[in-house]
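Student: All chains, full assembly: derive it from the sequences and hints.
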Amino acid sequence: MKSVTCKQLCKTYHQGEVEVIGLDHVDLEINEGGFVCLSAPSGGGKTTLLNAIGGLDTPDSGKIWLAGERIDTLGKGELANMRLHRIGFVFQAYNLIPVLTARENIEFVMEVQGVPADEREKRSTAILREVGLEGLGDRRPAQMSGGQQQRVAVARAIVSKPALVLADEPTANLDSHTAEQLMELFVELNEHHGTTFVIATHDQRVMRYAKRVIHMLDGKVVDDERRDVA
Amino acid sequence: MNQFKMILRLAWRNLWRNHRRTLIMIAAIVIGAWSMIFMTALMRGMVDDMVADGISVLPGHVQIHHPDYRDDPTIANVIAPPSGELLEALGGAEVVAWATRVRVPAVISSERDTRGVTLVGIEPLRERDISFVAGDVVEGEFLTSPDDRGLVIGRKLVEKLETGLGKRVVVMSQDQENEIADRGFRIVGIFESKLAQYEEGFVFAGETVVQKLLGVGDQISEVAILGSDYRNVETLFRSIEAAAGDGVETLPWNEIDSYLGSMLAVMDGFVIVFIVVVFLALSFGLVNTLVMAVFERVREIGLMLALGMTPRSILGQIVTESVLLLIIGLVIGNVAAIATIEPLKDGIDVSIVGEGMEMMGASSVLYPALYLKDIVMANLIVIILGFFASLSPAWRASKYDPIRAITKV
Ligand SMILES: Nc1ncnc2c1ncn2[C@@H]1O[C@H](COP(=O)(O)OP(=O)(O)O)[C@@H](O)[C@H]1O
Ligand SMILES: [Mg+2]
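Chains as they are written, first to last, in this note's numbering: chain A, 101 to 330; chain B, -4 to 404.
Don't read these hints as lab results, they were simulated from the structure. Being a predicted model, the structure only gives us computed values, none of them experimental. It cannot be assumed that every hint is accurate.
Computed footprint of chain B on chain A, listed as stretches where at least three residues anywhere in the stretch have a Cβ under 8 Å from a Cβ of chain B [to be verified]: (1) 181 to 191; (2) 195 to 203; (3) 207 to 220.
Listed next, the in silico DSS-like pairs over lysine-lysine satisfying Cα-Cα at most 30 Å (straight line) [claimed, not checked]: (4) LYS368(B) <-> LYS261(A); (5) LYS0(B) <-> LYS403(B); (6) LYS261(A) <-> LYS394(B); (7) LYS222(A) <-> LYS320(A).
The beta carbon of each residue, even a glycine, is placed where N, CA and C say it ideally should be.
Tutor: Listed below in structure tokens is the structure:
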């Protein structure tokens, strides 16, 4: 089955008099278990596409299906529920709630989902170790470096084991070693749980892990490159 | 509601994010709550005092008269003493005390001067439980029985008449045939009252003696009945009215003394107005604080919405934060108010500013009266209105578009 299907997605932003193209007739199919990079220079439409797929933004026209279910016609409440239960997000702009500790941020989605406390604790402890933040669970975002914060955000996105992870430039603030650690984690989840990954990036370190790289420019898909991963 | 714990946690932590703002807001609520309760207690104390004085001097809680007595309070309008069903009702559980009186306009003369007064013939033992006179006799003795031939008069009147304890005076009135009836009395007791008009205007004699003087047999002007709470005379009034029947007029105190009655109603209204005004001032600060708080947190609110938290939970967070703020402020404010009122229970001397208050019928010592009802009302008003005031900023926050909020700079 397809994890993500987009047909003729268009999105135009209006900035005063000026019209800016966000998405320009994007057709896209991503298989379940896919590991896809969206590659484009800044302003190419990566974030806009991820927001549309994630049910955060409605396109001007076109249709979107997630796991066979049409989502561009869903109401706000249904979209929120879908995001909560089916998608893990790493946002480009802003990721952590300042008054919560690293562990609480990681557990946030699970807590809203209603996962029992002991189960949450077990999973957050494991994921803290996997992203290399063991012992930092009680720190608040302001007490962590940019890279550490980014890892907390990634941990939150994957800890609830969503079917689809949408990550917007997840390695932006990370050194090579940590970036590679994260990618290994993604790959492992992808291979063992069949989690589908769509990662917006222009980071070569990330693209090396991708089974497929979709190149975008000015809101258009310009190239779809399938790879045998190293 | 499995998110409740998290909502509470977020609300609590967000509350302490801006210590200064939160503490200022709490201080405002504390001062507001304190002033509401303190002022209410003072006003209640003042009114209670006035009403209690008024009731003890004159009406009792319920009175029975001849239907024409209030228009023409003379010996022409008398009624038979309580008997039968009424007497039974007066023995009822709601009745704390009752007494009959004969009350007529009269003239009192000493060898020096003459004054117009109200002559009240009383049953001394029963009257003792209802009105002030017995307790306020400061010189000499109170009357001992309805046959007592003595007269009890006020200090001011003694001075006006230039007479004194043990001296004789003449009291003159009209009997039922409109003939002059007069009689000499020896002054056996002198009373003082908080209210000058009572000290000057009332003289008390034995009921039987007055009845004989006026030739009315055993008839009386009024029956005065005291219940347990002047604010709550309705039941007492109804049962007495039913027992007394149609031939007489039965009235609760607030209709007999409409000045006191309306004063009480005005004060009750004033208490609520005062509480609401203080609250309005508070709510400006509260709403402003919340609007600021929400504005500072646009991005994280957007993040929570983007991750799938419901708008209702966002609304819940902001409202919870506001209610927490209110609860903290109210608890401290209540404690402060009670702590300041308790030591003042023995009275606050306001005689410096109190000259005018005596004229209104209040005394120059204020006794703050703390009623649970008032405390509960002040707190409920603040919490409930505070809840509604916080709905608007909370509502706005919950309506944010997640993507726009999260990318806000
Ligand atoms: N909210 C917005 N208002 C106006 N223009 C926007 C908005 N969001 C994105 N854009 C424009 O849409 C285009 C695509 O942006 P985006 O999807 O963020 O690209 P990327 O994530 O690849 O850098 C850019 O030209 C950007 O300026
Ligand atoms: Mg982007």
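Student: With reference to the structure, classify each hint as holding or not holding.
Tutor: Going down the list of hints, with the structure as the test:
{"no.": "1", "hint": "181 to 191", "in the structure": "holds (count 7)"}
{"no.": "2", "hint": "195 to 203", "in the structure": "holds (count 6)"}
{"no.": "3", "hint": "207 to 220", "in the structure": "holds (count 5)"}
{"no.": "4", "hint": "LYS368(B) <-> LYS261(A)", "in the structure": "violated, 55 Å"}
{"no.": "5", "hint": "LYS0(B) <-> LYS403(B)", "in the structure": "holds, 28 Å"}
{"no.": "6", "hint": "LYS261(A) <-> LYS394(B)", "in the structure": "holds, 28 Å"}
{"no.": "7", "hint": "LYS222(A) <-> LYS320(A)", "in the structure": "violated, 43 Å"}
When each numbered hint is compared with the structure, violations occur for hints 4 and 7.
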